[in-house]
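Enquirer: Here is what each chain is made of, one letter per residue.
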Amino acid sequence: MLKDLFNKKRKYATIPSERTKREIPEGLMNKCARCGTIQFSKELEKNLKVCTACGYHFRLSALERIQITLDEGRLFEYDADMVSEDPLEFPGYADKLAKHSESSGLRDAVVTGEGTIGGFPVIVAAMSFDFFGGSMGSVVGEKVTRAIERATEKRYPLVIFSTSGGARMEESILSLMQMAKTSAALMKFHEAGGLYISVITDPTYGGVSASFAMLGDFILAEPGAAFGFAGRRVIEQTIRQKLPDNFQTAEFNLQHGQVDKVVHRKEMRATLTKILDLHTVKEDAPYGGRGAV
Amino acid sequence: MAGEVPFEQPLIELRAKIDELHKFGMEKQIDFSEEIARLEERYAKLEEEIYGSLTAPQKMQLARHPQRPTTLDYIQAIFTDFIELHGDRLFGDDLAIVGGIARLNGIPVTVIGHQKGKDTKDNIARNFGMPHPEGFRKALRLMRQADKFRRPIITFIDTTGAYPGSAAEERGQSEAIARNLQEMASLRVPIVCVVIGEGGSGGALALCVGNRILMLENSIYAVASPNSAAAILWKDASQVNRAAEIMKITAEDLKRLEVIEEIIPEPKGGAHRAPDKQAESIKEAVWNHLQELLPMSGDELREDRYRKFRKIGKFMFVS
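As they're listed, the protein sequences go chains A and B.
Per the working numbering, residue 1 is the first one in the first sequence, and the count goes up by one each step.
Per the working numbering, residue 1001 is the first one in the second sequence, and the count goes up by one each step.
Calculated directly from the structure, the hints in this document are not laboratory data.
In this text, a Cβ means the ideal position worked out from N, Cα and C, and glycines have one as well.
Hints are supplied without guarantee of correctness; some may be wrong.
List of simulated lysine-lysine pairs, DSS-like, C-alpha gap at most 27 Å [claimed, not checked]:
| # | chain 1 | residue 1 | chain 2 | residue 2 |
| --- | --- | --- | --- | --- |
| 1 | A | Lys261 | A | Lys46 |
| 2 | A | Lys282 | A | Lys154 |
| 3 | B | Lys1118 | A | Lys99 |
| 4 | A | Lys46 | A | Lys274 |
| 5 | A | Lys42 | A | Lys266 |
| 6 | A | Lys154 | B | Lys1314 |
| 7 | A | Lys96 | B | Lys1314 |
| 8 | A | Lys31 | A | Lys266 |
| 9 | B | Lys1255 | B | Lys1314 |
| 10 | B | Lys1235 | A | Lys96 |
| 11 | A | Lys99 | A | Lys49 |
| 12 | B | Lys1028 | A | Lys96 |
| 13 | A | Lys242 | B | Lys1235 |
| 14 | B | Lys1311 | A | Lys188 |
| 15 | A | Lys99 | B | Lys1148 |
| 16 | A | Lys188 | B | Lys1148 |
| 17 | B | Lys1311 | A | Lys154 |
| 18 | B | Lys1235 | B | Lys1118 |
| 19 | B | Lys1017 | B | Lys1028 |
| 20 | A | Lys188 | B | Lys1314 |
| 21 | B | Lys1118 | B | Lys1028 |
Looking from chain B toward chain A, a few residues come up when the C-beta cut is under 7 Å (computed) [to be verified]:
| # | residue |
| --- | --- |
| 22 | Ser1166 |
| 23 | Gly1172 |
| 24 | Gln1173 |
| 25 | Ser1174 |
| 26 | Gln1182 |
Generate the whole structure from the sequences, applying the supplied hints.
Expert: Following this line, the structure appears as C-alpha cells:
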C-alpha cells in the first residue's frame, strides 16, 4: 500500500563514497562572475559558493552538490563504473571523453545514488556541468533511468539536480532517445505514487530540460539559474531581436509558471527536508498528517 | 522533371541531350533511334548509380525537398473520413501540427503529424512545421482522446525541430515536450510512427514515442537538425553537410542502431516523384504493424513500448 510508503524513517546505513570525500580543488581567491567581487575561496566555500556581495550562485559540480545537500555529504553511489562508448565512431568523441574525465574527475555527467536529506532516505541524481557541458548521452540516460527505477522499487523519494547543455551531439539519435527512456521511467514512478523533486540549476537546456527536469511533482530552481528549451543565442538569431537580460532566468520562469519556487542555495536543504516531511506519514497524526496518496 | 536537387544535375543534362537529339531528328527527319536507345541505357545506368548510393547529405536534401509529400498529403491518400480537430484547449491552435480522426482500412484511428507548408504563405501560417507548446499539447489532447476511445494512433514526423522562439519558451516548450514523452509512454493503444521527412530533435520525438517507428528511405532523424548540430559543434552552421555525414541520420543508420523497426522504400529519386505509390507503401507498412499490435492488450502495448525505449543506449563498465 502506498500508505506504507513513507510511513517511517527507515533504518538506513550510508556508505561513504570515496569520491565524495575528495577535497574540492581550490585557489586562494575567487572572483565573482557577476559582480566581480574578489573573495577568499575559503569564505566562498563556507557560503556554499554563493557570492557574499551579490548573491550570485556559482555553478557546482555533482560532487560539491552532493556534499552540501546530503546528510554528512554521504552518498552510496550507483553505477559508478559506467562509462560512455563511442557508438557512432564520432570524430574526436573518445578524446573529448578522456579530457573531460581528467579535468572533472568524473566518469560522465551525472552521479547517482542514495543517501538521506534531513534524515529522510532519498535517491539522488546530481548532474555536473563540468563534464562535457552536462550533456546527456547513453550513460546519463541510463544512470538516471536506473536511479528512477530503483526509486520506484524501493519506494524512495527521488531528487534530481539538473544542469545540462542538452543532449550530447556525439551520440546523436541515441542521446535523443534517452529523453524518451527517462520520461517513460518517470511515468512508471509517478504511477506508483512516487515523489519526485526536480531542482533546476544553472544552466539547464535542451534534452534534459525537455525531459526529466520538467517532470517533477515539485520543480525548484536556484536563483538566477538559466533554463529553457532553446538557448538564448539561438532564439535571438531566429527572431532577430535582443532578448531582455532576465530572459530564461529562474525568476523569469517563475513568472511564466514554469517552476514552483525559486530557492536560495542556503535554503535548499531545509526546503527539501520540509517537502519530504510533508509527504511522510506520521503514525499518530490525525487525517492530513500525510501528503502522499 | 521539376524540383531537382543539385546531385541530380548529371541526369538533367543527359535528359536534355536525349530530348534535343530527339527533337533534332524529328525536325530533320533523321533516324537517331539507335543513338537515343544508347543514351537511354546510359541514363538508366547513371540513375542507378546516383540514386543507388545516396550519401547522408543527399538524402537530407530529398528529406527537405520543397515538393516532398507532407502529412496532409498522406492523410488524404491513406485514410478515409478524416476530420481535422483543432486546438489545445489551453492557448490556441498550432498549425505546425495537424491531427484528427479517420479510418484506416475501415477501422477508426487517430492521426497526427507535423505539417510543413506547401508554399511561402502556407509555410508562414504553419511556421515551417516548427511547433510551439500548443502544438504538442494539441497532439497530447488528441492522443488521450484516442486512448479513451481505444483507437490506434498513427503519427507522421516531419519537422526541423521545436520552434526556438521567446513565446515558445514563455509558454513552456520544454514542459510540453517532456509531458508528451511521459504521457505517450503511458498510453494503452497501439502507436505507429512514420518519419516521412525530417525528424529533428525533441520536436520530432514529442510525437514519436511509439511501439513501432518506421522511416521512409530518404528521411532523416537526429538529435538536432544537422544545421544546428554544426552550429553547436563547430559554431559554424555552414558545415551542415559534414554534420549530416557524421551524425548517423539516415534510416539505414537508425535501423542498424535498433532505434527503428522498418525502412519503407521510396520511388527512385524520392517520395515526391510518385506520391501515390509512396502513400500506398506507407499504408501497407503501417497496416502490417498494426496487425501485430491490435491483438495486444493495453498493458502489453505499454510494456512493449517501454521495453523498446528502455533498451536504447550504448555504455560499458570499467573496473
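Enquirer: Each of the hints needs a verdict: does it hold here or not?
Expert: These are the hints, each one checked on the structure:
1. A:Lys261 - A:Lys46: Holds: Lys261 of chain A and Lys46 of chain A sit about 24 Å apart, inside 27 Å.
2. A:Lys282 - A:Lys154: It holds: about 19 Å lies between the C-alpha atoms, which stays within 27 Å.
3. B:Lys1118 - A:Lys99: Violated, at roughly 47 Å.
4. A:Lys46 - A:Lys274: Given pair Lys46 of chain A, Lys274 of chain A holds - Cα atoms ~23 Å apart, limit 27 Å.
5. A:Lys42 - A:Lys266: holds (16 Å)
6. A:Lys154 - B:Lys1314: holds (26 Å)
7. A:Lys96 - B:Lys1314: Distance of about 17 Å is within 27 Å: holds.
8. A:Lys31 - A:Lys266: The given pair, whose Cα atoms are some 20 Å apart, holds under the 27 Å limit.
9. B:Lys1255 - B:Lys1314: This hinted pair holds, its Cα atoms lying about 15 Å apart.
10. B:Lys1235 - A:Lys96: holds (17 Å)
11. A:Lys99 - A:Lys49: holds (25 Å)
12. B:Lys1028 - A:Lys96: violated (68 Å)
13. A:Lys242 - B:Lys1235: holds (20 Å)
14. B:Lys1311 - A:Lys188: holds (16 Å)
15. A:Lys99 - B:Lys1148: violated (51 Å)
16. A:Lys188 - B:Lys1148: holds (19 Å)
17. B:Lys1311 - A:Lys154: Status holds; Cα separation ~22 Å.
18. B:Lys1235 - B:Lys1118: It is violated: about 31 Å lies between the C-alpha atoms, which goes past 27 Å.
19. B:Lys1017 - B:Lys1028: Holds, at roughly 16 Å.
20. A:Lys188 - B:Lys1314: Distance ~23 Å between Lys188 of chain A and Lys1314 of chain B Cα, so the pair holds.
21. B:Lys1118 - B:Lys1028: violated (43 Å)
22. Ser1166: Since the shortest Cβ distance to chain A is 6 Å, the answer is holds.
23. Gly1172: holds (5 Å)
24. Gln1173: holds (4 Å)
25. Ser1174: holds (4 Å)
26. Gln1182: holds (4 Å)
Hints 3, 12, 15, 18, 21 from the earlier list are contradicted by this structure; the remaining hints agree with it.
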